[in-house]
Each structure stands twice: as structure tokens, then as C-alpha cells.
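**Q** Based on the hints, put chain F in the right spot on chain W.
Listed here are the chains, written in short residue letters.
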Amino acid sequence: GQQVMQIPQYQHVQEGEDFTTYCNSSTTLSNIQWYKQRPGGHPVFLIQLVKSGEVKKQKRLTFQFGEAKKNSSLHITATQTTDVGTYFCAGPIRGSQGNLIFGKGTKLSVKP
Amino acid sequence: DVKVTQSSRYLVKRTGEKVFLECVQDMDHENMFWYRQDPGLGLRLIYFSYDVKMKEKGDIPEGYSVSREKKERFSLILESASTNQTSMYLCASSLPNQPQHFGDGTRLSIL
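Protein chains in written order, with the numbering used here: chain W, 62 to 173; chain F, 73 to 183.
The following block holds chain W by itself, in its conformation from the complex:
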């Protein structure tokens, strides 16, 4: 079946260091979405990438969608303590009207 793998599962960084999480799909995706879940909170939509090779930036966050539309990455430059949380990628399930298959997430902790 369709799968989305995300690595690493955990990442501990010193404040100011960079961070990257990677997402790989077993199938080509029409789009990839990224969500952030703060500790004790719920997932919040960050961004959606649609085009092959697309790169989008939100302040210190850079999102990429691979040329084959099967992989994606989220890179945070100079992490801050406010970046703490779990980052999930998600792709649409083929043939559905909006069901998503989520990666298991990367839990980021930042040491001040």
C-alpha cells in the first residue's frame, strides 16, 4: 500500500544549529503538506507544495518538493526554542477526496 516514511524520528539540536527532516513516499504525490505539532498541542498546517522541484520559504523554514514528487524536506536555519515540536509530512491518498497519509513525524528538541 501507499506509504510515507519520515526520518529522523528524533532530532536534538543546540539552539542556533540547523535542522532537516526528510519525507519519502512510495508513490508519486500530487502535493505534499507539512504540519507542526507543538508539545501538548494539535497538528497545525504549515505549507503545501504542488510543483515538481518546488521550493518555498517561511522565514527560517525552507520546504522542498523533489523533482519526482516522491520526496520532500523541511530545513530550519538557526533553530530557536520556539521551533520545538513534531513536524509531520503528509500526502494525499490516491483516489480519495482529501484523505492524507501522514509520516510518523520528526520530534525536534532544542537545547538553549
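Hints in this document: simulated from the structure, not taken from any laboratory. By construction, the Cβ of each residue, glycine as well, lies at the ideal position given by its N, Cα and C atoms. Take these hints with a grain of salt, some might be off.
[Said to hold, decoys possible] To be clear about the criterion: a stretch of chain F counts as covered by chain W if any three or more of its residues have a C-beta under 8 Å from a C-beta of chain W, and this derived list gives those stretches: (1) 112-124; (2) 172-183.
[As the list claims (entries may be wrong)] Straight-line alpha carbon distances no greater than 27 Å define the calculated DSSO-like cross-link-like pairs of lysine-lysine that follow: (3) 168/W x 75/F; (4) 129/F x 165/W; (5) 165/W x 127/F; (6) 112/W x 97/W; (7) 97/W x 120/W; (8) 75/F x 97/W; (9) 165/W x 75/F; (10) 75/F x 118/W; (11) 129/F x 97/W.
[To be verified] Facing chain F, from chain W, some residues (calculated, C-beta under 8 Å): (12) 103; (13) 109; (14) 153; (15) 159; (16) 161; (17) 163; (18) 164; (19) 165.
**A** Below, chain F alone, put in the same frame as chain W:
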């Protein structure tokens, strides 16, 4: 701004009880979803609905049922609660093929 409201943040029930988790959204979204979230297992889809009175099984429907009598409300029912249903339950809604908006979640403990 989209608001998805879950009826309880924390709930404690006993084994064998019938448990109702309620979710209401205020943006006229067609799609609604129920997930459970467990450490190391990520988000797992229980049931979803694309329209009123419509429901489809997700990846882990066993032991659960749902009800969608009105567009804005999607209820999750644990027919006879068991300890392995202790979890965080998240409701979400969306327009067709658009990003999902999540509620704050219900942390359910079954004793």
C-alpha cells in the same frame, strides 16, 4: 479562521462504557476525520466522512463507530471501551483535497 472544537480535552471512562467524542467545525467543510495518536505510531485514521450521513472506515475502525447527522458535527463512538483505546483522539476537517484543520484533541483514559 477555521475552528474545530472537540467536546472534551480530557476524559476518563471505565472499561465497557459507551463513550461519545464530539467534534464540531464552523467552516462548512465537507470532509471530517477522526484520528488517534499514540507515541511512535503517528496519526492513524479511524473513520472519515465526506458528507452528511456518509462514513467510511479508515485504517483502524475496529471497536469504533461514527455518526454524521449534520454537516458541522462528527461524532466518534466507542461501543464498549477497552483499555487499549486509551489514547489521544484528534478530529479534523477540510474542504475536498485541501489541508486539514485539527481540533485540540481529547486525551481519553480507559480504566
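**Q** Now, for every hint given, state plainly whether the structure supports it.
**A** Do the hints match the structure? See the list:
Look at the segment 112-124 of chain F against chain W: 7 of its residues bring a Cβ nearer than 8 Å to a Cβ of that chain, three or more, so the hint holds. Note: the segment 172-183 of chain F has 6 residues with beta-carbon separation from chain W under 8 Å; the three-residue rule is met and the coverage holds. Of the pairs offered as hints, the one joining residue 168/W and residue 75/F holds, with about 26 Å between alpha carbons and a cut-off of 27 Å not exceeded. Of the supplied pair hints, the one linking residue 129/F and residue 165/W holds, its CA atoms being roughly 20 Å apart against a limit of 27 Å.
Using a Cα cut-off of 27 Å, the hinted pair residue 165/W and residue 127/F holds, with the two alpha carbons roughly 25 Å apart. Proposed proximity of residue 112/W and residue 97/W is supported: the alpha carbons are some 21 Å apart, at most 27 Å. The hinted pair formed by residue 97/W and residue 120/W meets the criterion: a straight-line CA distance of about 15 Å does not exceed 27 Å. Proposed proximity of residue 75/F and residue 97/W is supported: the alpha carbons are some 17 Å apart, at most 27 Å.
Only pairs whose Cα atoms come within 27 Å are accepted, and residue 165/W paired with residue 75/F is accepted, the gap being roughly 25 Å. A hinted pair counts as satisfied when its Cα atoms are at most 27 Å apart, and residue 75/F with residue 118/W qualifies at roughly 26 Å. Proximity of residue 129/F to residue 97/W is assessed by CA-CA distance (about 26 Å); at most 27 Å being required, the pair is judged to hold. At about 4 Å, the closest approach between the beta carbon of residue 103/W and any beta carbon in chain F falls short of 8 Å, and the interface hint on this residue holds.
For residue 109/W, the shortest C-beta to C-beta distance to chain F is roughly 6 Å, which falls under 8 Å, so the interface hint holds. For residue 153/W, the shortest C-beta to C-beta distance to chain F is roughly 7 Å, which falls under 8 Å, so the interface hint holds. The interface hint given for residue 159/W holds, since its Cβ lies 5 Å from the closest Cβ of chain F, which is under the 8 Å cut-off. Against a cut-off of 8 Å between C-beta atoms, the interface hint on residue 161/W holds, since the closest Cβ of chain F lies about 6 Å away.
Checking residue 163/W against chain F by beta carbon gives a least distance of about 5 Å; that is within 8 Å, so the hint holds. With a cut of 8 Å, the hint placing residue 164/W at the interface with chain F holds, because the nearest CB-to-CB distance is about 7 Å. The criterion of a C-beta within 8 Å of any C-beta in chain F is met by residue 165/W, whose closest approach is roughly 4 Å, and the hint holds.
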